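Visitor: Residues per chain are reported as follows:
2 protein chains.
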Amino acid sequence: MRSPAQNAQLALLLEVSGTPKPGNVDRRHEYDDLRFEHFMAGAVGSTRGLLLAQQGAAVGRAFERGVVGMAEQKGGNTQFGALLLLVPLVRAASVDPETALASDTVEEIVRATTVEDACDFYRAFEHVDVGVGDPPSELDALDVRRGARAESVLRERGLTLFDVMELSTDVDGVAREWTEAFPRSFRAADWIEADDGPVADRAADAYLRLLAAEPDTFIVKRHDRETATEVVERAQAALDGTIAPEHLAAELVQQGINPGTTADITAAALFLALERGVSV
Amino acid sequence: MRSPAQNAQLALLLEVSGTPKPGNVDRRHEYDDLRFEHFMAGAVGSTRGLLLAQQGAAVGRAFERGVVGMAEQKGGNTQFGALLLLVPLVRAASVDPETALASDTVEEIVRATTVEDACDFYRAFEHVDVGVGDPPSELDALDVRRGARAESVLRERGLTLFDVMELSTDVDGVAREWTEAFPRSFRAADWIEADDGPVADRAADAYLRLLAAEPDTFIVKRHDRETATEVVERAQAALDGTIAPEHLAAELVQQGINPGTTADITAAALFLALERGVSV
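Protein chains in written order, with this note's numbering: chain A, 118 to 397; chain B, 118 to 397.
Hint data in this document are derived by calculation from the structure and do not stem from the laboratory.
A hint or two may mislead.
What the hints assert, rightly or not - Some chain A residues close to chain B (C-beta under 8 angstroms, calculated; not the full set):
hint, residue
1, Gln126
2, Arg144
3, Glu154
4, Val161
5, Glu189
Unchecked claim - Pairwise CB distance ranges, derived in the manner of DEER restraints:
hint, chain 1, residue 1, chain 2, residue 2, range
6, B, Arg393, A, Val247, 52 to 62 angstroms
7, A, Asp307, B, Ala330, 49 to 59 angstroms
8, A, Ile360, B, Glu368, 28 to 38 angstroms
9, B, Asp312, A, Ala361, 27 to 37 angstroms
10, B, Glu350, A, Asp313, 33 to 43 angstroms
11, A, Leu151, B, Gly173, 36 to 46 angstroms
12, B, Ala229, A, Leu356, 50 to 60 angstroms
13, A, Leu151, B, Ser220, 32 to 42 angstroms
14, B, Met118, A, Met118, 28 to 38 angstroms
15, B, Ala330, A, Pro300, 53 to 63 angstroms
16, B, Ala258, A, Ser220, 30 to 40 angstroms
17, B, Gly173, A, Arg326, 46 to 56 angstroms
18, B, Asp257, A, Ala361, 53 to 63 angstroms
19, A, Gln372, B, Ala229, 52 to 62 angstroms
Because the structure is a prediction, the values reported are computed rather than measured.
By construction, the Cβ of each residue, glycine as well, lies at the ideal position given by its N, Cα and C atoms.
The whole structure should be built from the sequences, with the hints applied where relevant.
Guide: Written as structure tokens, this is what we have:
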């Protein structure tokens with residue numbers, strides 16, 4: 118039987134295998150500088166961090182080690198957001214296999230994070246270039262791009278990793294999963310579980326449903342809210358059958374629009390589905 | 118830095134990512150009952166066996182454990198032959214990073230295998246349905262399909278795993294790698310190293326060169342020597358540019374011709390290239 122860390126690794130691999138996942142790298146779509154094979158290497162490199170999470174290490178530490186390994190390829194940021202979701206989920210799955218995947222177990226874990234976890238989280242940004250927007254000016258001192266230099270501010274203000282996530286919850290879909298007990302991850306896991314056929318195909322379907330449900334925050338950051346809202350409408354059209362998902366995929370890749378947060382949540386959903394016994 | 122076990126896992130993932138690899142599953146080609154995602158799960162499942170090899174466990178034991186994990190997906194045999202090549206290579210890479218990947222280190226390791234290793238090898242056949250041909254009648258008692266029931270014969274005759282490989286060297290390209298110190302794996306690793314561009318693409322090129330160089334023994338077993346020889350000619354035509362590799366891929370998939378041994382050797386070559394520092 119696969120361990121939680123192995124299921125997390127498989128979730129990363131299946132996420133990028135599912136196709137089409139409009140706008141994201143998948144096994145039929147890639148960018149010149151961000152290729153399918155970078156995601157393979159990123160998933161292999163994440164192992165150490167995922168194992169630490171499984172062994173009960175602190176969330177921040179496990180995440181930071183995961184990112185170090187993930188970054189050992191030339192594509193840059195492949196699975197930063199996905200790991201931020203997977204690490205507490207792997208911790209939850211290893212606590213007690215019976216109740217582990219109830220959302221309140223995960224909620225307890227993220228709410229119990231410490232200032233130390235927050236410092237490790239900031240440190241992770243030093244290993245890889247993550248696309249983030251400018252914070253509001255009053256949060257300048259907490260700009261994640263400051264990396265380890267933000268440490269003194271975090272300690273001074275006593276901010277835990279959960280607190281840091283709360284500060285971004287309005288602008289970052291991954292942070293919102295943290296603060297709201299992973300609602301979209303669990304919902305998409307239900308879809309994957311209820312669906313049939315190849316698991317990677319189910320993941321691609323779940324991705325499209327997530328994309329049609331609300332604006333992807335990574336698109337909002339990189340482009341603007343209007344672009345993200347347009348993508349929601351296009352994704353709904355793809356779900357309705359008005360346009361082919363493959364057509365939408367070509368369109369978004371061409372425009373360089375990359376719904377990264379939606380892919381991250383898809384990976385989290387795949388992990389939950391695998392832990393519940395969905396089999397490949 | 119990735120460990121040898123991690124590089125082996127990445128080699129398995131890159132092998133199936135490279136496309137087109139005519140006749141084999143790759144990220145653009147799959148069969149209904151043997152899909153891309155089965156290879157993802159197979160690679161994740163192989164971890165335990167690859168780690169054992171890295172820690173210096175016996176080759177047979179590490180292989181058998183790798184196969185158990187690999188088989189935990191619904192596609193059946195995905196990477197049996199590849200693991201049979203990778204396990205001694207991972208052992209070699211962990212012995213002494215300096216000299217590890219000289220072919221004589223690997224040769225020492227396979228020549229030092231024991232009767233116990235042979236028994237574990239036979240046991241591995243109980244976990245997954247591997248396509249093998251009928252042995253010559255004098256070797257009936259050693260038919261691998263007898264699994265653990267062959268154990269008494271192996272012990273009686275004092276056959277090591279290397280001896281077993283020698284018995285198949287004429288009919289099995291993986292066994293031949295074992296008995297001849299992995300010449301094709303090392304040669305293809307040189308090609309991958311000398312090539313440029315995405316590593317998965319280089320692997321696909323190396324695969325085609327291997328395929329054009331000599332008949333794939335898995336095709337000989339499943340079909341016949343004539344079919345295997347035709348594939349050599351078609352692969353050479355693809356190399357010469359007379360036919361598109363993509364066309365050959367469609368042709369072989371349609372005919373259900375699967376050069377499995379060539380894929381196994383490609384995975385071994387990828388591992389060697391990664392260990393030598395080729396980076397993704």
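Visitor: Taking the beta carbons of Asp312 (chain B) and Ala361 (chain A), is their distance inside 27 to 37 angstroms?
Guide: holds, 35 angstroms
Visitor: Would you say the C-beta atoms of Glu350 (chain B) and Asp313 (chain A) sit inside 33 to 43 angstroms of each other?
Guide: holds, 42 angstroms
Visitor: Any CB of chain B closer than 8 angstroms to the CB of Glu189 (chain A)?
Guide: holds, 7 angstroms
Visitor: Has the hinted range 53 to 63 angstroms been met by the Cβ atoms of Asp257 (chain B) and Ala361 (chain A)?
Guide: Hint holds: Cβ distance 55 angstroms, inside 53 to 63 angstroms.
Visitor: Could you tell me whether the CB distance from Leu151 (chain A) to Ser220 (chain B) stays inside 32 to 42 angstroms?
Guide: This hint holds: roughly 36 angstroms between Cβ atoms.
Visitor: Classify the hint on Arg144 (chain A) as holds or violated, based on whether any CB of chain B lies nearer than 8 angstroms to its CB.
Guide: Holds, because the Cβ-Cβ distance from Arg144 (chain A) to chain B comes to roughly 4 angstroms (cut-off 8 angstroms).
Visitor: Cβ-Cβ distance between Gln372 (chain A) and Ala229 (chain B): within 52 to 62 angstroms?
Guide: holds, 58 angstroms
Visitor: Quick check: does the Cβ-Cβ distance between Met118 (chain B) and Met118 (chain A) fall within 28 to 38 angstroms?
Guide: holds, 29 angstroms
Visitor: Honestly, do Ile360 (chain A) and Glu368 (chain B) meet the 28 to 38 angstroms range at C-beta?
Guide: Cβ of Ile360 (chain A) to Cβ of Glu368 (chain B): about 33 angstroms, so the range 28 to 38 angstroms holds.
Visitor: Look at the Cβ atoms of Ala229 (chain B) and Leu356 (chain A) and judge whether their distance stays inside 50 to 60 angstroms.
Guide: Given range 50 to 60 angstroms: holds, Cβ gap about 59 angstroms.
Visitor: Just to be careful: measuring from the Cβ of Val161 (chain A) to every Cβ in chain B, is the smallest value less than 8 angstroms?
Guide: holds, 5 angstroms
Visitor: Taking the closest Cβ pair, is Glu154 (chain A) under 8 angstroms from chain B?
Guide: holds, 5 angstroms
When each numbered hint is compared with the structure, violations occur for hints 6 and 16.
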